[in-house]
Amino acid sequence: MGKSTTKSLVAGRSAQDLVRRLGHTLDIARQAVDRLAATGYADPREPANNLRPEKVIAETAFLLLCASRAGAHPEIREKIQSLAERLIPYARGERMVLGVCLEPALALDYAQAHICLARLGYPDPGFDSVLRRSVDSQARAGRERPPHRVLEQHWLEEGWDGSRSNSHSKLTAAARNSVLGRPMDLLSSSRDDVYAFTHALMYVTDCHLPPRQLPRPVSVILAEAEAALSRCLDDQDYDLGGEVLLAWPLTGRPWSAAAAFGFRVLARVEDEAGFLPSPSTKLQRLNELKGDERSNYLLATVYHTAYVMGLVCAVALEPGKAPPAEIPPGRFAAGSADKILPFLDADAHRTHWREEFDRLAAPERNALAGLLFAIALRRKASQRDFAGLRATLAVGYELGLANSPAASQAAELLERIAAAAPLLAGRRPPPPERA
Amino acid sequence: MSIRVNHQEIVKAALESKAVDFGAIGKLVAELGPSVSLADEPWEGFCGTMRYFIHIFIINPGNPGSTVENLGGLQGATGEIQS
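For the record, the sequence lines run as chains A and B.
This note's numbering applies: residue 1 is where the first sequence begins, and numbers increase by one.
This note's numbering applies: residue 436 is where the second sequence begins, and numbers increase by one.
Please keep in mind that the hints were generated in silico from the structure rather than gathered at the bench.
Nothing here was measured: the structure is a model prediction, and the numbers come from that model.
There's no promise every hint is true.
[As the list claims (entries may be wrong)] Straight-line C-alpha distance at most 30 angstroms; calculated DSSO-like pairs for lysine-lysine:
no., chain 1, residue 1, chain 2, residue 2
1, B, Lys447, B, Lys462
2, B, Lys447, A, Lys339
3, A, Lys339, B, Lys462
Just need the whole structure built from these sequences, with the hints factored in.
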């Protein structure tokens, strides 16, 4: 699909496709609210799947707020209205009111759905009054929070009442203290670190609020986002990968080759599975369950990743923000991707991204040489294959791929390891004594 | 802290530095530290001061190392979550 001037198309991927995907997410959200908003979900066999109702309620409200960006599409607007009305009793029900009262340091967290709904045009002065008492109380800031959670608090406060106590400037300061203000560890970070990145970016770039400057240049942040995306694609972590993809439309920058490819992978996976899946949904377990148990398990394990896809599509529906239908041309020398592939093909596992990659034409594949390089570096680092890491780095450097934070962090890792080697060798624990 | 980092220069310096037997070091690290997982939260239990206080909205960390199920198999369940 090339560029089109017809009304129904945005540059690149069609609005129709994005609207369809967002509508699908909102349909899932309706089911999630109906089944999970009252009591959440408790999984007797896999407690990691447990879900508090507050989580579903707040995340649904956040989804609706983002979806409102696409409110110009009548089918989306109708679904938002219908779902918002369904959500209100839960967002402002007894559980949330009590949460706000009893835990003032978590008041804004409990009130997130209320705040999002108010921003959508569904105010509730009574709830505001209760919330105000908590937010004005002594204990209002009585919990320790990581920086991105501090950002979240300022974002909630500014969205609720932008006139309160310099919430805008507090948000800007909190952004500097978050992962947005310093380089991410691209080789050994946890999922939670990437989660902090994606959420910090969402809170800072919420377009309904006055824009604020990011603490580092956008190009620097997006270079790290690309490395994070490479990790998510290789791990088939679409929950986090989708959140990382938000970085491009949220910052208003053109989708890079890697980001465009990332969306393509997620879209294809969503089309093949019927929804964007996460590892939590186990087919064997699903097939053991029947009736409500089965439906609740499915929704509880599916909803979050589905919501993420909805968020990406919602933001991408803004004018000029759609991912391109084709991979943008790259700046790498012809054949670069083919020289990196052997480092990846040495590993046995086959991934969705690789299947999609193999479908691309040669120029598109080559445009992704940087992405392949980032994937290879992380694999070698996580395997502790430092010889392989050095070899990969050397090839990447010769191909002009090394101008990336993933490459320089890999180089720094090798230097640290080399410096530590004499210490490690000299301090090996003695072998256990034989009885 | 400098925001602009010359990534290529860092890589070049590392590649030009004294040759080291990285293969041997990798083997040593693997023997010494299988519990030093890069993806874990070592600080969580290190001194007990870093705790997740905000439990409500933490995403499901998922199963490290696990992957999504067969997409075709999941497709069969799609109809159940459509309105």
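Indices of hints not satisfied (ascending): Checked against the structure, no hint fails, so every one of them is satisfied.
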